[in-house]
Amino acid sequence: MKRKRRPMSFSRRQKLAGFLFTVPFLLGFIFLFAVPFYQAVVISFSELVLTPQTFELQPKGWANYGYALQVHPEFSKTFTEVMVKLATELPMIIGFSFFAATILNSDFRGRSIVRTLFFLPVILGAGVVLKMEVNDYAQIMVTHLAEGAPFFGGAAVRGFFAAARFPAGMVDYVIDAIQALPTVIRPSGVQILIFLAGLQSISKEVYEAASVEGATGWERFWLITFPMMSPLILVNVIYTVIDSFTAMNNELVVLIRETMLRGAGYGVSMAMAMIYFVAIGLVLLAVFGLLSRRVFYHV
Amino acid sequence: MSLAAKEKWRKRIVAFLRTVLLIGIAYVILQPLFYRLSTALMSIEDLYDQSVRWIPRKPTLRNFRLMWEHMEYPIAFARSFFLAALTSVLQLFTCSMVGYGLARFKFPGSSIIFGLAIFTLMIPPQLIMTPSYLNFRFFDFFGLLRGKPLNLTGTYWPFILMSLTCTGFRCGLYIFIMRQFFRGMPKELEEAAYIDGAGPLTTFWRVMIPGAIPGLITTFLFSFVWQWNDYLYVTTFMAGRNCLPQALEGAASRVAKAIDEADALASTSGFLDDHFYSLINNAGMLMVIVPLLILYIFLQRYFVESVERTGIVG
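Chains as they are written, first to last, in our numbering: chain A, 4 to 302; chain B, 29 to 342.
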């Protein structure tokens, strides 16, 4: 006698449906992400030989890593440069995008036009154009001239602050920050969007209540806005790190690609990419550990 | 001065400072665009002339004409457009599905799957590019297909497969955006649909998708723009086929060669130097950017609104 199948309960059916919705991603993750990732690890420990029909892997142990770190003339240098650049730019990008979002959140005439403008770099500052820009001769000339201009970085300004007994390191950082404004503003589009969305989600009542209690604007910012935004600061820090690490004009990305196509070959290039990936992972972990304890989560 | 008058002045000063600041920032953002336009319109004499700054004295469309011809612009444009439209529509479809599954259904492992989606964002695509290339170059369905492996590079197939499985460029972000968007939608809509006897798929397709149009437009815009601008994936998987990025990269040297051949005896030395490359490259870059600008102008209203409303944060 055939057993009659009980119809699935609603909640079980929902669970199954939810799982089925995510199946495309799961398949992709396994076959087009996890498998290549594993292969990348394997290649980084071997020498890849391409033949017209197929490809072969000859195991080489840690040799590729050794080569990348000790023999390759540029890798270590570029690696350090990229890291230092990130460390200096990260606080600026976060600070600027927070600031810009605060301005865009306030009410003024022409706000929608300004917003459209601010997100323009998201559209323009990507991929191939970014890559071409690096090699654009006339642009290099222009930037070069601008850097030499006695506008703000001049010795007089430095001298003035030195005389006022500001620590030299701080003065240098501020001057560099001002000169780096274009490179800070242009990659901030998505971060501004994220902050802006967060600012809009804080309900007006909270501010009203604080005002009634007599809080000043300064206090409202530090006691309401800032804690409410802290999860997004974390999100934005992570986004910025990833974005700058994978950008087409990142020197290390360029180097890895060059090594693969014209340099020491696939194995070494993969070893470089692995070192780079581990470094990104460590940076993200450090950032996460440092910030997540200070983040305030609204319940 | 009365308190009201003081307040009024304070507001005026704030407004003034804000305007100055915004104009400054707008300049920084627009400067590359203006710079590119001005350079692209210059003739070579203008670039050498120190007194010419922003406005070319002898404006010319020659740079654009040269690039149009040597980028094979119409073909490259059509290819890029087809590729970007294809991937973004497919990604829109699959990523919104996955996002919906993660937003509204609790099942064992759902948070792990979400974590994996975010994880894919953290891996530099360069890392898995070589193995992915090899997999598509010698495609055998990961050992499932018998016989001679297929060569999928140079076709649209790698992009179709990656889009269908949400592993294309920044797909994790699209899953994230759509998940946040669906989470922000009222539950009552779905409950009503379920009571009326609709299954999850019907509910998704007939109830949720129409309500999520602003989120979909945001995702579409991101996806289209990033695919259009993408250099890495296109040059790796479409090697040999001329999409806009490759066309742009290779065109300058072709232009130089063509000029050299046509005019071997004339004083072409000046035409082959970095300045000239810069002129035509800027024209080419504009030709790549302008379609996106037009798209953005049409869609920006939805884009900004949706991101602000619930969009990325929810």
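Treat the hints as calculated values from the structure; they're not laboratory data.
Don't take every hint at face value.
As the list claims (entries may be wrong) - For each label pair, taking beta carbons as the anchor points, the in silico distance ranges come out as:
#	chain 1	residue 1	chain 2	residue 2	range
1	A	219	B	106	57 to 67 Å
2	A	76	B	178	33 to 43 Å
3	B	134	A	209	24 to 34 Å
4	A	102	B	227	27 to 37 Å
5	A	45	B	46	48 to 58 Å
6	A	224	B	93	23 to 33 Å
7	A	102	B	36	24 to 34 Å
8	A	80	B	146	50 to 60 Å
9	B	62	A	112	41 to 51 Å
Said to hold, decoys possible - Derived DSSO-like pairs (lysine-lysine); straight-line CA-CA distance at most 27 Å:
#	chain 1	residue 1	chain 2	residue 2
10	B	134	A	207
11	B	86	A	207
12	A	18	B	134
13	A	63	A	80
14	A	207	B	215
15	B	39	B	134
16	B	285	A	207
17	B	215	A	18
18	B	285	B	86
Beta carbons are placed, not taken as given, at the ideal position from N, Cα and C, and that holds for glycine.
Results of checking the hints against the structure:
| no. | hint | result |
| --- | --- | --- |
| 1 | A/219 to B/106: 57 to 67 Å | 59 Å, holds |
| 2 | A/76 to B/178: 33 to 43 Å | 39 Å, holds |
| 3 | B/134 to A/209: 24 to 34 Å | 30 Å, holds |
| 4 | A/102 to B/227: 27 to 37 Å | 48 Å, violated |
| 5 | A/45 to B/46: 48 to 58 Å | 56 Å, holds |
| 6 | A/224 to B/93: 23 to 33 Å | 54 Å, violated |
| 7 | A/102 to B/36: 24 to 34 Å | 25 Å, holds |
| 8 | A/80 to B/146: 50 to 60 Å | 32 Å, violated |
| 9 | B/62 to A/112: 41 to 51 Å | 24 Å, violated |
| 10 | B/134 to A/207 | 32 Å, violated |
| 11 | B/86 to A/207 | 56 Å, violated |
| 12 | A/18 to B/134 | 6 Å, holds |
| 13 | A/63 to A/80 | 24 Å, holds |
| 14 | A/207 to B/215 | 24 Å, holds |
| 15 | B/39 to B/134 | 50 Å, violated |
| 16 | B/285 to A/207 | 64 Å, violated |
| 17 | B/215 to A/18 | 16 Å, holds |
| 18 | B/285 to B/86 | 24 Å, holds |
The structure does not agree with the numbered hints 4, 6, 8, 9, 10, 11, 15, 16 stated previously, though it agrees with the rest.
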